[in-house]
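S.K.: Which chain is which? The protein sequence lines are A and B, in order. The first sequence stops at residue 235 when you use the numbering used here, and every number in between is there. The second sequence stops at residue 235 when you use the numbering used here, and every number in between is there.
It should be emphasised that the hints constitute simulated quantities derived from the structure, not laboratory data. A portion of the hints provided could be inaccurate.
Identical chains share a label here; the pair holds if one copy fits it or two copies do between them.
Below, computed lysine-lysine pairings styled on DSS-like, alpha-carbon distance capped at 30 Å [what the hints assert, rightly or not]:
1. 231 with 217
2. 154 with 231
3. 122 with 217
4. 122 with 24
5. 125 with 78
6. 124 with 78
7. 78 with 122
8. 125 with 154
9. 122 with 173
10. 124 with 24
11. 18 with 122
12. 124 with 18
13. 125 with 18
14. 154 with 124
Here are the chains, one letter per residue:
There are 2 protein chains.
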Amino acid sequence: DIVAEVETLLDNRPKPLAGRKAIVTSGPTHEPIDPVRYIANRSSGQQGHAIAAALASAGAEVTLVSGPVTIPDPKGVRTIHIERAEEMRDAVLAALPADIAVMVAAVADWRVAAQAGEKIKKDPDGAPPALALTENPDILKTVGHHADRPKLVVGFAAETQNVHENAVAKLNRKGADFIVANDVSPETGIMGGSRNQVNIVGRDGIEAWPDMDKYAVAERLVALIAEKLAAM
Amino acid sequence: DIVAEVETLLDNRPKPLAGRKAIVTSGPTHEPIDPVRYIANRSSGQQGHAIAAALASAGAEVTLVSGPVTIPDPKGVRTIHIERAEEMRDAVLAALPADIAVMVAAVADWRVAAQAGEKIKKDPDGAPPALALTENPDILKTVGHHADRPKLVVGFAAETQNVHENAVAKLNRKGADFIVANDVSPETGIMGGSRNQVNIVGRDGIEAWPDMDKYAVAERLVALIAEKLAAM
Chain A
4 DIVAEVETLL DNRPKPLAGR KAIVTSGPTH EPIDPVRYIA NRSSGQQGHA IAAALASAGA
64 EVTLVSGPVT IPDPKGVRTI HIERAEEMRD AVLAALPADI AVMVAAVADW RVAAQAGEKI
124 KKDPDGAPPA LALTENPDIL KTVGHHADRP KLVVGFAAET QNVHENAVAK LNRKGADFIV
184 ANDVSPETGI MGGSRNQVNI VGRDGIEAWP DMDKYAVAER LVALIAEKLA AM
Chain B
4 DIVAEVETLL DNRPKPLAGR KAIVTSGPTH EPIDPVRYIA NRSSGQQGHA IAAALASAGA
64 EVTLVSGPVT IPDPKGVRTI HIERAEEMRD AVLAALPADI AVMVAAVADW RVAAQAGEKI
124 KKDPDGAPPA LALTENPDIL KTVGHHADRP KLVVGFAAET QNVHENAVAK LNRKGADFIV
184 ANDVSPETGI MGGSRNQVNI VGRDGIEAWP DMDKYAVAER LVALIAEKLA AM
């Protein structure tokens, strides 16, 4: 829109990512149980949306694939709204090829194996149902091993324990260049909050960044991405 | 607040529920699976919040117990925010005694039997977990059969099939005076939408109301409540 264009014209910052295409995922996914119930997670989309906006500010052409969130679409970014992990995977693959992929969304690891077509009724005399789950597509791993793999693939790892160990294992398994690992235990206030404390896990080691505003994390991550891409 | 007080002073409508206490529940409940995942449902809270506001406009002293929603608290209403069904039950019981209870919330029928203290990890070689569920407290039934039962107890029944039959069965089982039944199949657009088409199921029959704005449903339901209470 015109506002975004004027803001872009007035933005005098360097554009190290001009001419680069980026894909970002953000927010949670919702996995239906039946027509009214679903499995969700506490991701607010704030970190992913901030990264999409920072990539656009740095000159990249950004496609943001977002799960259900209550925050507005970032300006200057093409935002695609999805609900389920499978829809997110399809939208990400449709946006390839790209130079950069930053997979921030808290994608549900599992979906309900047999989604009910009608609302599941409570049986007054019976036992509660057990929800059989099945594995969702691993979007980061799919992108990390894709024939059209972006030059730089960045994953996020939201953990509540063994944050470093889990991130290193994830780096190798997923085919990512970096894993941004954070501890989302409820007492940290990170999930849903405005601040983040992340660890950048790469092939050459782990760097712990200080506690920062999620916008500051986004700016610093985009500077790192620009630096790595320029050196490739 | 002052705005609400001025609005109340300027509101010249009759106050048929002056001196009456009402409890309303609204929105979904979120039932945790682990620190980041939960089971939810698509209730937006629009109908419940509209009813709480309409009861307050009619002069009642209203306690609204609301699950996680993205809409603002209604003015002139005491709003208590909860997340889980058990928290909603506790807040409702703490608000008794009351003259009127309108249970609009889409309370989760089940919660996860054993909530995990840490984020459940995906086992790369293993099968997905099965979520064992256990029954949540039935808040409507608890209130409908309570020693301090409000004079008028109204329940909601969100169904996707056999709407009338399910509502009549619910009326008797729950000890409610009325069940407001609606069809929340996705194609109706009712869940999350601004309109509603409800059926009022009472001991003396079923009345189908036309498709209306949720505020209009709230006004008409409050008029019915005032009429029934006056005749008691």
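S.K.: Which of the listed hints are broken here?
M.R.: 4, 5, 6, 7, 10, 11, 12 and 13
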